[in-house]
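Enquirer: Each chain, written out:
4 protein chains.
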Amino acid sequence: MKMPSKISHEISVTSKIRVRFTETDPLGIVWHGNYIQYFEDGREAFGREHGISYLDQQAHGFTSPIVKSNCEHKLPLRYGDIATIKTTFVNSAAAKMIFRYEIFNDDHKLVCTGETTQVFLDKNGELCLTNPEFFKEWKSKVGL
Amino acid sequence: MKMPSKISHEISVTSKIRVRFTETDPLGIVWHGNYIQYFEDGREAFGREHGISYLDQQAHGFTSPIVKSNCEHKLPLRYGDIATIKTTFVNSAAAKMIFRYEIFNDDHKLVCTGETTQVFLDKNGELCLTNPEFFKEWKSKVGL
Amino acid sequence: MKMPSKISHEISVTSKIRVRFTETDPLGIVWHGNYIQYFEDGREAFGREHGISYLDQQAHGFTSPIVKSNCEHKLPLRYGDIATIKTTFVNSAAAKMIFRYEIFNDDHKLVCTGETTQVFLDKNGELCLTNPEFFKEWKSKVGL
Amino acid sequence: MKMPSKISHEISVTSKIRVRFTETDPLGIVWHGNYIQYFEDGREAFGREHGISYLDQQAHGFTSPIVKSNCEHKLPLRYGDIATIKTTFVNSAAAKMIFRYEIFNDDHKLVCTGETTQVFLDKNGELCLTNPEFFKEWKSKVGL
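Protein chains in written order, with this note's numbering: chain A, 16 to 159; chain B, 16 to 159; chain G, 16 to 159; chain W, 16 to 159.
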């Protein structure tokens, strides 16, 4: 049996966050900059589930700084809300990690979408122009 | 004498920030999410100079939540660096405020670029489909 | 059967936090200021379990700003650590809420202790010199 | 002429901060945890003026983690306020750095006081039981 190719190119992990008092601003809504933190929370939840977290990367001698991010806000989140973050790994041939994010509120309404792009730096801080070995192995292990 | 139209559509303000210890991460560089704060610092410096800060908007009964932002990182900033933020108002016919950001390090090298889009909400939290009066007056005052 | 009075004056709630990448500094340890956030996380976990969270207080028309806090650090926490926060309500006759915090690392070693004091402000932002009714009822409900 | 001994044991530096939008909470006032950042801003302003900043310490191979801090809040600060931080070095025989902070609002009213205690760690992360050489020299240079 062959898995449909579309599905085989997308892996998603869903995680929850509870909006902290300090994450909201005088308008009573989450300050927009905090969504970048929520994206990182989602990416780390993904990383822990699939063995590709910052700590996993460090164990292989690599770091993966964010080189690009974007964020679109549809609805506000408020203090005390429990939001759901869906983090999806976007497969790409380039030596990059691309993640897409969708954040939903308690009513399952889409609050925010975003995307981040990371590159790999080796032990010496040099940019990797091709995929590091550990990342190739990871991709193959998860079927990408 | 007629001013060239290109110049008349762009107003920029330059401000400085000093990178705080806490704004850097275990890799010794500014955590990417903090650039969103730097953009806000630049936007507020612009707002204070041109009378269009959050406080000015509030005085007219409006708020202007960010609905979209993006950020591209070229080089890292480190603890103690003095960075320069150039914030440019991007003129647009829509009922929106668009700002573009360029952040430079001590060596005048481009560290980061970005853009944010804000909409206007009135006293009742309703989205303004056309430009609020105060914003039209502001545009006309600054020659846009 | 009579409960020993000492025990009846202490209610504790234990909650967990996972140390985020951004909460650590260039030394690789949690920046000391973030423990104030962890204390709030513990206090809110306590509040949710015992019906005395910020949202509960607001529902009664009160806020409870922190007027005093202290923090002692014994050991560092690092990125990825799962810490346990024990939050204890310290009973007092005054119109105040006092909480004591103990944070433990994965090895059950004491990382940090602290205490915060809150006062009550009513709807008009006036300081309450005596305990608000809802707080008296809460105390009686939890047996203090 | 002999300087009074009391004065000779206190060196203070005054610096300014502008309260950011994000530093305020849904109550419209600065979230209490942010004062720890303001204290650090004051300590760093002191350090830059007197050659004892984190970067200066690192240049000598030392770090100085905070082991103790406390904070008392008298009045709130609000978004847009320009506050003044007076940071005072508290001389002590122990191998510690103790700073005292007073934060004043635009009306010169005392908003907040606090104190922090730092110890010294050497290159290997070992606690210094006696004052490091560079710190002794610094003290002597500033007349303590």
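Treat each hint with caution, since some may be false.
Unchecked claim - Pairs of lysine-lysine, PhoX-like flavour, derived with a Cα cap of 20 Å:
| # | chain 1 | residue 1 | chain 2 | residue 2 |
| --- | --- | --- | --- | --- |
| 1 | G | Lys111 | W | Lys138 |
| 2 | W | Lys138 | W | Lys151 |
| 3 | G | Lys83 | W | Lys151 |
| 4 | A | Lys83 | B | Lys83 |
Just so you know, these hints were derived from the structure itself, not from any lab.
Note that this is a predicted model, so its numbers are computed, not measured.
Enquirer: Could you work out which earlier hints the structure fails to respect and list their numbers in ascending sequence?
Expert: 1 and 3
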